[in-house]
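**Student:** Now for the letters of each chain:
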Amino acid sequence: MAAISVDGLRREFGDTVAVDDLSFAVEEGELFGLLGPNGAGKSTLIGMCCTLVRPTAGTAAVNGHDIRTERDAVRGSIGVVFQEPALDEELTGVENLVFHARLYGLPRARRRERVAEVLELVDLADVAGDTVDTYSGGMKRRLEIARGFLHEPAVLFLDEPTLGLDAGTRRDTWDYIRALNDRGVTVVMTTHYMEEADALCDRVAIVDGGSVVALDSPARLKAGLGGDVVAVGTVGDTAALADHLRGVGWVTGVEVTTDGLSVTVDDGARRVADVVRLADEAGVTVTSVDRRAPSLETVFLDLTGREVRTGGDSGLAEPAAVGGPGDEGWGAPGASSPDGGK
Amino acid sequence: MTVSRLPVDPQGVYALWVRDVTRFVRTPSQVVGALLTPLLFLVFLGTGFSGAAIPGIPEGVDYLQYIVPGIVGFTLLFGASFAGLAILADRDVGFLKEILVAPVSRTSIVLGRVAGGSTTALVQSLLILLLSVPLGFEVRRPLLAPLALVVLGLLAVTFVGFGIALASQFRDSQGFGILVQFAILPLFFLSGALYPLDQLPAAVRYLGLLNPLTYGVDALRGVLVGTSTYPLAVDFGALVVGAVVMVAAGAALFERVEAA
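Line by line, the protein sequences give chains H and B. Per my numbering, the first sequence runs over residues 1 to 342. Per my numbering, the second sequence runs over residues 1 to 260.
Worth flagging that the hints you see were computed from the coordinates, not collected in a lab. Just so you know, these numbers come straight off a predicted model, no measurement behind them. Some clues are possibly wrong.
[What the hints assert, rightly or not] Interface residues of chain H toward chain B, partial, derived using beta-carbon atoms under 10 Å: (1) LEU52; (2) ARG54; (3) ALA57; (4) THR69; (5) ASP72; (6) ILE78; (7) GLN83; (8) ALA86; (9) VAL98; (10) THR131; (11) TRP250.
Quick reminder that beta carbons are idealized off the backbone N, C-alpha and C, glycines included.
So here's chain H without its partners, still in its complex pose:
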């Protein structure tokens, strides 16, 4: 059984179509990424999967429960970490977790056990008795991830889990997400950070304009571009070398650049040496070698003809998106729009 199967899901806000007849499935145990720019419809999609946003048309099954007709069953089987912080800052870390455990009906003994366990998992045991308003942005995010996992959901939704975190904290957060996934939880996360999807996800759905434009593992998505690019700086008869390379079976493309050649090959790691050897045989001196693997960034560019805005500029590019580079994610009230402000 698929953990999630989305079937023709659609949501309109007024004249805007936020999610446009989506269909795909997420397998059990997968770490699944929804990658796309702000406003692509990722948050609306997650909102519908966790029953907070009602679909205009279509439906989805989460852990076998229909999101339209079995809302309580869906809610009981999932954990959610929202894009905007959803903690009670006047309560302590433990109090936030205990509140959550009670809402999810954990019996007392199990509750104590689990609260201690998840605090340990995200390294917050030492500060568990402090009120959350004393936590840093990264600590708050970790507490939320711990909370999402507290009641042992079959599926955990993470909406932009590292938005607004600095690079180091972001990498730590990735480790916690991996650790959860290793314990068998199906994780569905949205992100507009290419490298995040690449580093974490088993499979990635590239979402643009409310539609899935591609869905595969990061490696296969990148492989679809035709291979790695090996750029060699050369001195000598570069044009002759280029002609020679075009006749080689594993070369899929050759371009002459200002200081040498740009060669697209099937398997860059293995072929770098071959490119250098062929150059040598042709009497061309190689002055530099640079191998560039295709990134999801180039995949996205290839699929949509546009670049995804990356880096910490989301707050500037999207007025309704929470935060920005800083830790303090309390955005304007408008930021609570389910689609992250389309």
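Assemble the complex: chain H is given as a structure, and chain B must be docked to it using the hints.
**Tutor:** Chain B in isolation, oriented as in the chain H frame:
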């Protein structure tokens, strides 16, 4: 994970209650702040009009004796209005989503909020009642005093329910805050808290008869001071009806709240 099939999930209600009480205890400044306005009314009106002949007040009842139940009811109204505000504050900081995505029914959420908000409002009104004693208020019928708790509890439930019903119609706390400011004083003045309702023009007096606070204040007077306009049974009946209607309205309207 088992999912509760009951419309009411006691553990969820309890969780919300604990949260409200924890926050209340942790912010003494808010508790004190909420007591200041009623205390000012009590001190200035109670002492300023002491001995004045206010028409309609029964013989032998000092004005302070007359208005303490009214001010206690006002405190409750004030405290209960914060429960509606709390829902919107939760929305402002994103915490409402955490509550709405949990597998508990909307009814449980409303009941939890009613329990928490009523408790804090009740504590505040009891504090005012206690503070009125050194100012000269005397409980004439101590044996009936426990009934006052029941009256205050019913009033608290009524107005917290009202606050939740109202808050469900707003998307942010600012608009709601302004409306509450406007709503509290008419409810207070049209309740017989400061003067008997018969002194008002007929049309306005009928409005007062629709105000649950009228019956709450009257019942408190009957129980604590020994004088009431309506029979206690009428007061209690009206309070129970008010509480049930308001909580049902709160639950019905909150049902439609979207997380966004």
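**Student:** Hint by hint, say whether it matches the structure.
**Tutor:** So, going through the hints one by one against the coordinates:
Evaluation of the LEU52/H hint against chain B yields a held restraint, the C-beta minimum of about 4 Å falling below 10 Å. The beta carbon of ARG54/H comes within 8 Å of a beta carbon in chain B, closer than 10 Å, and the hint placing it at the interface holds. Because the smallest distance between the Cβ of ALA57/H and any Cβ of chain B comes to about 18 Å, over 10 Å, the interface hint for this residue is violated. Restraint check, THR69/H versus chain B: the minimum CB separation of about 14 Å is more than 10 Å; hint violated.
Below 10 Å, beta-carbon pairs count as interface contacts, and ASP72/H has one with chain B at about 5 Å; its hint therefore holds. Restraint check, ILE78/H versus chain B: the minimum CB separation of about 8 Å is within 10 Å; hint holds. Given hint, GLN83/H at the interface with chain B, holds; its Cβ is 9 Å from that chain's nearest Cβ, closer than 10 Å. Because the closest C-beta pair between ALA86/H and chain B is about 4 Å apart, less than 10 Å, the hint holds.
Interface restraint check for VAL98/H: the shortest CB-CB distance to chain B comes to about 8 Å, inside 10 Å, so the restraint holds. Nearest Cβ of chain B to the Cβ of THR131/H: about 8 Å, under the 10 Å cut. The hint holds. The beta carbon of TRP250/H comes no nearer than 51 Å to any beta carbon in chain B, farther than 10 Å, and the hint placing it at the interface is violated.
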